[in-house]
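Each chain, letter by letter, is given below.
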Amino acid sequence: MTPQEEVENLIARVAMGDRAAFDKLYERTSAKLFGVCLRVLNDRVEAEEVLQDVFVTVWNKADSYKVNGYSPMTWLITITRNRAVDRKRALKLPPVPIETADLLPDSAPGPEASAVAASEARQIQACLDELPRARAHLVRRAYLEGYSYADLSEATGVNLNTIRTWLRRSLLALRECLSR
Amino acid sequence: MSDIHTPEEENDRVLAAEYALGLLTDEERATFEARMATNPDLRAEVLAWDTHIADAIMDEVEDVTPSPQVARRLKTVLFKPDRTSFWQQLWPYGLGGAAAALVLWLMVSTGILLREEELLQADLVAELAPTPEGAGLVIRANVDTARGAVQVLRSAGEPPEGRVFELWLIAGDAAPVSLGLLDADGSTLIDVPQEVVALLPGALLAISDEPPGGSPTGAPTGAVRAAGPLTSS
Numbered sequence: 008m009t010p011q012e013e014v015e016n017l018i019a020r021v022a023m024g025d026r027a028a029f030d031k032l033y034e035r036t037s038a039k040l041f042g043v044c045l046r047v048l049n050d051r052v053e054a055e056e057v058l059q060d061v062f063v064t065v066w067n068k069a070d071s072y073k074v075n076g077y078s079p080m081t082w083l084i085t086i087t088r089n090r091a092v093d094r095k096r097a098l099k100l101p102p103v104p105i106e107t108a109d110l111l112p113d114s115a116p117g118p119e120a121s122a123v124a125a126s127e128a129r130q131i132q133a134c135l136d137e138l139p140r141a142r143a144h145l146v147r148r149a150y151l152e153g154y155s156y157a158d159l160s161e162a163t164g165v166n167l168n169t170i171r172t173w174l175r176r177s178l179l180a181l182r183e184c185l186s187r
Numbered sequence: 045m046s047d048i049h050t051p052e053e054e055n056d057r058v059l060a061a062e063y064a065l066g067l068l069t070d071e072e073r074a075t076f077e078a079r080m081a082t083n084p085d086l087r088a089e090v091l092a093w094d095t096h097i098a099d100a101i102m103d104e105v106e107d108v109t110p111s112p113q114v115a116r117r118l119k120t121v122l123f124k125p126d127r128t129s130f131w132q133q134l135w136p137y138g139l140g141g142a143a144a145a146l147v148l149w150l151m152v153s154t155g156i157l158l159r160e161e162e163l164l165q166a167d168l169v170a171e172l173a174p175t176p177e178g179a180g181l182v183i184r185a186n187v188d189t190a191r192g193a194v195q196v197l198r199s200a201g202e203p204p205e206g207r208v209f210e211l212w213l214i215a216g217d218a219a220p221v222s223l224g225l226l227d228a229d230g231s232t233l234i235d236v237p238q239e240v241v242a243l244l245p246g247a248l249l250a251i252s253d254e255p256p257g258g259s260p261t262g263a264p265t266g267a268v269r270a271a272g273p274l275t276s277s
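Order-wise, the sequence lines are chains F and H.
If you read the first sequence in this note's numbering, its first letter stands for residue 8, the second for the next number, and so on.
If you read the second sequence in this note's numbering, its first letter stands for residue 45, the second for the next number, and so on.
Because the hints were derived from the structure by calculation, they are not lab data.
For clarity, every value in this text was computed on a predicted model and none was experimentally measured.
For every residue, glycine included, the Cβ atom is placed at its ideal position computed from N, Cα and C.
Any given hint might turn out to be false.
[To be verified] Residues of chain H placed beyond 12 Å of chain F at every Cβ, according to the derived structure:
| # | residue |
| --- | --- |
| 1 | A193 |
| 2 | A200 |
| 3 | E205 |
| 4 | L225 |
| 5 | L226 |
| 6 | D235 |
| 7 | E239 |
| 8 | A242 |
| 9 | P245 |
| 10 | P256 |
[Said to hold, decoys possible] What the simulated footprint calls covered on chain F by chain H, stretch by stretch (three residues with Cβ under 8 Å from a Cβ of chain H suffice, anywhere in the stretch; the number is not a length):
| # | region |
| --- | --- |
| 11 | 32–44 |
| 12 | 61–69 |
| 13 | 80–88 |
| 14 | 91–97 |
| 15 | 131–140 |
| 16 | 150–157 |
| 17 | 169–179 |
Construct the entire structure; sequences and hints are all you get.
In C-alpha cells, the structure reads:
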C-alpha cells in the first residue's frame, strides 16, 4: 500500500466510526498538519487549537471525503490551511515585514529556487521558480502563510491595488505554467 | 504552448485561485460559491488550485510534532462518555460485547422487540448505534453463521428522502465491504458467502445512506448513520 492509499484507507475507516483508524490517521498526519497551522499562525497555542478543530472536522466529515475528488493529503491540508487562515484573519495578526531586498526586481532564481532546482523539483516548485524572485516571495507568503492582500500591502508598504495586480498576474502566470 | 483564453476564463482562473487562497472578501466569496454550486468547471479549477497549494505545502512546510495534549483533548471532545448516547458509550469496541448481549437477552426474553418467527439461530449479534446523522435509528443485526445469513431489523428511523440504507462490513484493517442494501420495510435478510462469514466475528457493521441502487463507487459515499460491532450472542 502506498502512503496515499494508506491515508485514504484510514479516512474510509474513520468515516465508519473506527476509532483505531482515527488514532492511526492522527499519528500519520498530525505533524504535517500542525506544521501548516504553525506556519500560518506562528503561535503554538493558536496552532494547536486549530489542529484540534481540524481533527474534530475530520472525524465528523470523513464520510464526505470520497465524493469530492481530492487526494487524501490535499483534502486534509486544504481543511487545515483554510481553518488556520480563518483564525489568522479573526485574530488580525500583524504581518511580518518583507525586506526591501526581497522586493527588488530580479529575474534570476532566488537561493531557495536554485537549491530546489538542484533536486527533483515538483511542477509547482518549477513554476514558482519561473516567476521573478520578488513575485514568488509574495506568492509563497500567500500560499504558505495565508497572507491577505492587506497583509501583503502592510508587510511591503506597497499600496493594496498594486499588490493585488502583482499577485493576480503571478497567479495567472503560475496557472499557465502548471497547465503546460 | 500558448493557449488563448478569453478574459472571462482568465478572470475565473484568478478568482478560483483567490478563493482557494482565502483572498476574497466575504461578499466576493459568497458570490463565487453561489456560481460554483452550479458550475463544475469552477469546482474543478478550485480543486486544481487546492492541489497546487497542498503540493507547495508538502514541499516547503516542515513537520512539527504537536504536544501530546492535543491528542488527549481530542479524545475528550470526541469520545467523552457523557456527551454521547448509551449505545455510543458502548461503541465501537470491546465494552459493547457483554452489555449488548445482556440487553439483547433482556429484549428477547421479555419479548419487547423480537417476534418468534424473526429469530434465526443467531450466534452473532450487533446493535448499530446511531451517529449524530442517524439520530432516531434503531437497527439490530442477527447473524446465523451456519446458514450464512445476516438479518437486519430496523425498528425505528427512516433513510432520508430519495436515499437507501446500505450495510457495510469493516473487518480489521480492510476497507469497508458492502453487504447489500436494506429493504424499505424494515426487515432485510442477506445471504452471505462463507468466506465473508469467516470475517464477521469481531468485525464492525455500519449503515450509510446511498443513492437508490447503492453506492456507485463500491465504497460508502453518504453519511454513516449507525454502526456497531458483531459479538457472540
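Status of the stated non-contact between P245 (chain H) and chain F (beta carbon gap over 12 Å): It holds; P245 (chain H) is separated from chain F by about 17 Å at its closest Cβ, greater than 12 Å.
Whether D235 (chain H) stays farther than 12 Å from all C-beta atoms of chain F, as the label says: Consistent with the label, D235 (chain H) stays out of reach of chain F, its closest Cβ about 22 Å off (over 12 Å).
Closest CB of chain F to the CB of E205 (chain H) still more than 12 Å away: The claim stands: E205 (chain H) keeps its Cβ more than 12 Å from every Cβ of chain F (closest is about 18 Å).
Outcome, coverage hint (the region 169–179 of chain F, chain H; C-beta under 8 Å; three residues): This one holds; 4 residues, not fewer than the three required, reach chain H with a Cβ under 8 Å.
Verdict on chain H covering the region 61–69 of chain F, criterion of 3 CB contacts below 8 Å: Our answer is that it holds, as 4 residues pass the Cβ test (under 8 Å) against chain H, meeting three.
Beyond 12 Å from every chain F Cβ - status for P256 (chain H): It holds; P256 (chain H) is separated from chain F by about 16 Å at its closest Cβ, greater than 12 Å.
Coverage of the region 80–88 of chain F by chain H, judged on three or more residues with CB within 8 Å: holds (count 5)
No chain F beta carbon within 12 Å of L225 (chain H)'s: holds (17 Å)
Distance rule for E239 (chain H), whose beta carbon must clear each one in chain F by more than 12 Å: holds (21 Å)
L226 (chain H) non-interfacial with respect to chain F [C-beta, more than 12 Å]: Check passes; 16 Å lies beyond 12 Å.
Beyond 12 Å from each Cβ of chain F, as asserted for A193 (chain H): Holds, since 22 Å exceeds 12 Å.
Coverage of the region 91–97 of chain F by chain H (three or more Cβ within 8 Å): holds (count 3)
The structure fails none of the hints (numbered hints given earlier).
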